[in-house]
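*Asks:* Listed below are the residues making up each chain.
There are 2 protein chains.
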Amino acid sequence: MLKGKVLVAQGGGPTAVINESMVGTVIESRKIPSVERVYGAYHGVSGIVDEEFIDLTRETTHNLEMVGQTPCSALGSTRVKPDEAYCMEIFKVLKAHEIDTFFYIGGNDSSDTLRILHDKALAENYDLSCVHIPKTIDNDLMVNDHTPGYPSAARFVALAFAGVNADNRALPGVYVAVVMGRHAGFLTAASALGRKFDDDGPHLIYVPEVDFNLDQFVRSVQEVYNKHGRCVVAVSEGIHDESGTPIMAKLAKEVEKDAHGNIQLSGSGALADLLTDYIKTHSNISRVRGDTFGYLQRSFLGCVSDVDAREAREVGEKAVQYAHFGDSKGQHTGSVTIHRTGFYSVEYHLTPLDQIAAKTKVMSQQYLDDSGHDVTSKFLLYLRPLLGSGFPESARLRMNRVPKLLNS
Amino acid sequence: MLKGKVLVAQGGGPTAVINESMVGTVIESRKIPSVERVYGAYHGVSGIVDEEFIDLTRETTHNLEMVGQTPCSALGSTRVKPDEAYCMEIFKVLKAHEIDTFFYIGGNDSSDTLRILHDKALAENYDLSCVHIPKTIDNDLMVNDHTPGYPSAARFVALAFAGVNADNRALPGVYVAVVMGRHAGFLTAASALGRKFDDDGPHLIYVPEVDFNLDQFVRSVQEVYNKHGRCVVAVSEGIHDESGTPIMAKLAKEVEKDAHGNIQLSGSGALADLLTDYIKTHSNISRVRGDTFGYLQRSFLGCVSDVDAREAREVGEKAVQYAHFGDSKGQHTGSVTIHRTGFYSVEYHLTPLDQIAAKTKVMSQQYLDDSGHDVTSKFLLYLRPLLGSGFPESARLRMNRVPKLLNS
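One line per chain: the protein sequences are R and L, in this order.
Take the first sequence: its letters are residues 1 to 408, numbered as in the numbering used here.
Take the second sequence: its letters are residues 1 to 408, numbered as in the numbering used here.
Hint data in this document are derived by calculation from the structure and do not stem from the laboratory.
These numbers were taken from a predicted model, which means no experiment stands behind them.
C-beta: ideal position from N, C-alpha, C; glycine also.
Any given hint might turn out to be false.
Claimed, not checked - Some, not all, of what chain R presents toward chain L, calculated at C-beta under 7 Å:
| hint | residue |
| --- | --- |
| 1 | Ala-96 |
| 2 | Ser-286 |
| 3 | Arg-289 |
| 4 | Leu-405 |
What the hints assert, rightly or not - Dumping the calculated DSS-like pairs for lysine-lysine here, alpha-carbon to alpha-carbon at most 25 Å:
| hint | chain 1 | residue 1 | chain 2 | residue 2 |
| --- | --- | --- | --- | --- |
| 5 | L | Lys-329 | L | Lys-378 |
| 6 | R | Lys-81 | L | Lys-404 |
| 7 | R | Lys-120 | R | Lys-359 |
| 8 | R | Lys-92 | L | Lys-404 |
| 9 | L | Lys-92 | L | Lys-3 |
| 10 | L | Lys-404 | R | Lys-95 |
| 11 | L | Lys-280 | R | Lys-250 |
| 12 | R | Lys-250 | R | Lys-81 |
| 13 | R | Lys-404 | L | Lys-250 |
| 14 | R | Lys-3 | L | Lys-404 |
| 15 | R | Lys-404 | L | Lys-378 |
| 16 | L | Lys-329 | L | Lys-3 |
| 17 | R | Lys-81 | R | Lys-95 |
| 18 | R | Lys-280 | L | Lys-250 |
| 19 | L | Lys-378 | L | Lys-361 |
| 20 | R | Lys-227 | R | Lys-196 |
| 21 | R | Lys-404 | L | Lys-81 |
| 22 | R | Lys-3 | R | Lys-31 |
| 23 | L | Lys-359 | L | Lys-81 |
| 24 | R | Lys-404 | L | Lys-3 |
| 25 | L | Lys-31 | L | Lys-3 |
| 26 | R | Lys-31 | R | Lys-227 |
| 27 | R | Lys-120 | R | Lys-81 |
| 28 | R | Lys-81 | R | Lys-361 |
| 29 | L | Lys-120 | L | Lys-95 |
Bound conformation, chain R alone (with noise of 0.2 Å):
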């Protein structure tokens, strides 16, 4: 059971519901009697070490709300990954202030986070009850139907093409924009969602679990731009050859590496400047444009799904309950888990830290179309109920011709 003092913080990127969760957490422990004090580490697991806490006792209810509606990692976040040694160093902490149960509000790297910081506490006779909180925007999470955080980013991408398309149906050309997604293109399937009218884009959808090839990808382009007189396509940051090489790679002259030594893809308009560049000078299309959908589809200010908004609270809600009352088996540490249970619901359950962490998951096959530029129509029922009520719809003139009398 919760006790005494309990800690919550937040890794990894940013999401538009991420302080959902972590208010969730936050009213629901203290609502628990044996609960003395609810801290929260100031930018995830480096506030632990650096001793960085903030007495979330301490806030109102109304702030608390308040901040549940503020995109980004209000605690701020981190994209440390601890080893052994920074593991000691953050049990000296937790046992200087006598906490012994961790709420890790993150993606599959915190969840790992948390798998070597519990395995190690066990090793270290330590006890400590961790329980990981699902959030990223790349849907990308194990056993999970989906995550908090995407409904909200994938709204975003569906809005920005359904407007996108329009303004390119109003001044036509080829119009490519780059959304995030290194390994799993959920983000950038979302795109299909702002499709209303048949001949609407994104009319090609690229995703990292599709091979890309430059030349092919140059044919379509021309095809529908022969066909509709334009052509919208979205592209996820992942794409890669067939040898795994990103394009982004391929083409650029030089890549900044991250922390985790992967190639830094977000952060920089190169990857759809270098596919537009490829299709003027491999096609007779002269108005080429690209975008970067950017920092903008995970931090965007009032654009979030209520379905996205409501369950990154109750993971939140439901985290401090597995922690107090343990679940079904008892277990009082592992990772919060959405399951959809019908059109639309879903219930939550504790599934144990290894089955998540540092694992990927990609779209599955029934959600890719078999031209390797489109998704099915599963996904796009897959995908609609998670993006919430309210949703703009956009309409169109209907084309009444009048009869020519000059030109006809």
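Dock chain L against the given chain R, drawing on the hints supplied.
*Replies:* Chain L alone, transformed into the frame defined by chain R:
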């Protein structure tokens, strides 16, 4: 007065509310008993020459209302600027279809098109009423307090910066976002409305009205970074050095030119990448990210200021009323202009075309801070009411620090 057939068209870059103006024009025209038909030219003046007319009298009010709420020119747009020969082609088609009233929704290029057309019509003894309906996200039309389309784009930019500022707080570093605006910095300046707390970004705002110096830029970024441990920057795509050379042209290896001979600024992430590269190579800051808001800021579905939508509708309605009844001086030709009368209220006038046509309004000195990289409180007061109701608010946790026990 309006009679027989009237024509409406849309020109230049799309906005989120340009269809409200079109729908206002169509619905108001359809109320006038002497109007037999309301035609829409498909893709602006080129649609007239190609005799591509859509009969908007046969469109339902319900669908018109839905189209009004959809971003981007539903009638299609064009970048064509007619010369004398082109005007003669236009007259030929208008005569054949017995059209003598033309409503053109657009920016300063479109109003110049209308001026040329109207002058040529006078010279040719062709009785043509031309009413320009203002539209531009750049907010750069003379006489007008502001222009429809700008408030919604400004709302997008402000919300985007509120979000990326929170993202940058969670994972600190330098973040540079490029905003549309070749000569006028109004849209980039809107980023200031995303700030709430004292240390919120954007910490630096660069507009084309102020000469840009790369070395001073890096120094300012380093100063903010030293103070806050992070730095968020808003940059207009049109920034230039003291000689007037665009920074884009200075740093890029090759530049594309548009139909009017201007350097193509939008549709590429080049400027953001060039600026972030420059910071990386001229400072010791490691995490430097750049985004280009691109076409989303003018086309995003579901990010509309209700004040903007209302005014965009009204200028369409007023255009029809001026064309039908004439203004107080009996004029039936001109540009509908918006004038602020209170905090917040507006009224509309019909202004001679040559006061608007091909002229560009930029930010006045009273809106620009002496530092050269911020706006004044006068600008905040000018813009705030335009952003409309229901503007989402961000919140922070209060920093109730827990006393350190080990590292104190």
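*Asks:* Determine for every hint whether it applies to the structure shown.
*Replies:* Okay, the hints, checked on the actual structure:
1. Here the hint on R/Ala-96 is kept, as its CB sits about 5 Å from the closest CB of chain L, short of 7 Å.
2. Checking R/Ser-286 against chain L: minimum C-beta separation of about 9 Å lies over 7 Å; hint violated.
3. For R/Arg-289, the interface hint holds, since its Cβ comes within 7 Å of a Cβ in chain L; the closest pair sits about 3 Å apart.
4. A cut of 7 Å between beta carbons decides the hint on R/Leu-405: the least distance to chain L is about 5 Å, and the hint holds.
5. With a C-alpha separation of about 34 Å, the suggested pairing of L/Lys-329 with L/Lys-378 is violated against the 25 Å cut-off.
6. Taken as a hint, the R/Lys-81 and L/Lys-404 pair is honoured in the structure, with Cα atoms around 23 Å apart against an allowance of 25 Å.
7. Between R/Lys-120 and R/Lys-359 the alpha-carbon distance is near 20 Å, which keeps this suggested pair within the 25 Å criterion.
8. For the suggested pair R/Lys-92 and L/Lys-404, the alpha carbons sit about 12 Å apart, so the restraint of at most 25 Å is met.
9. At roughly 19 Å between alpha-carbon atoms, L/Lys-92 and L/Lys-3 fall within 25 Å of each other, so this suggested pair holds.
10. For the given pair, L/Lys-404 sits about 13 Å from R/Lys-95 by alpha-carbon distance, which is consistent with the 25 Å threshold.
11. Using a Cα cut-off of 25 Å, the hinted pair L/Lys-280 and R/Lys-250 holds, with the two alpha carbons roughly 22 Å apart.
12. Proposed proximity of R/Lys-250 and R/Lys-81 is contradicted: the alpha carbons are some 29 Å apart, above 25 Å.
13. Taking the CA atoms of R/Lys-404 and L/Lys-250, the gap is near 49 Å; set against the 25 Å cutoff, the hint is violated.
14. Of the pairs offered as hints, the one joining R/Lys-3 and L/Lys-404 holds, with about 21 Å between alpha carbons and a cut-off of 25 Å not exceeded.
15. Simply put, R/Lys-404 and L/Lys-378 have alpha-carbon atoms about 53 Å apart, too far for the 25 Å limit, and the pair is violated.
16. For the hint linking L/Lys-329 to L/Lys-3, the alpha-carbon distance of about 21 Å falls within 25 Å, and the restraint holds.
17. In summary, the hint linking R/Lys-81 to R/Lys-95 is supported, as the alpha carbons are separated by about 20 Å, within the 25 Å threshold.
18. This hinted pair checks out: R/Lys-280 and L/Lys-250 have alpha carbons roughly 22 Å apart, not beyond 25 Å.
19. For the hint linking L/Lys-378 to L/Lys-361, the alpha-carbon distance of about 17 Å falls within 25 Å, and the restraint holds.
20. A C-alpha spacing of about 18 Å is found between R/Lys-227 and R/Lys-196, which places the hinted pair at or below 25 Å, so the restraint holds.
21. Taken as a hint, the R/Lys-404 and L/Lys-81 pair is honoured in the structure, with Cα atoms around 23 Å apart against an allowance of 25 Å.
22. Distance hint between R/Lys-3 and R/Lys-31 is fulfilled; the C-alpha atoms sit about 11 Å from each other, no more than 25 Å.
23. The straight-line distance between the Cα atoms of L/Lys-359 and L/Lys-81 is roughly 15 Å, inside the 25 Å bound, and the hint therefore holds.
24. Pair hint R/Lys-404 plus L/Lys-3 holds up; C-alpha atoms about 21 Å apart against a cutoff of 25 Å.
25. For a cut-off of 25 Å, the pair hint linking L/Lys-31 to L/Lys-3 stands: about 11 Å separates their Cα positions.
26. Distance check on the hinted pair: R/Lys-31 and R/Lys-227 sit about 61 Å apart at the alpha-carbon level, beyond 25 Å; violated.
27. Taking the CA atoms of R/Lys-120 and R/Lys-81, the gap is about 14 Å. The hint holds against a cut of 25 Å.
28. In summary, the hint linking R/Lys-81 to R/Lys-361 is supported, as the alpha carbons are separated by about 20 Å, within the 25 Å threshold.
29. Restraint check for L/Lys-120 and L/Lys-95: the C-alpha separation of about 14 Å stays at or below 25 Å, so the hint holds.
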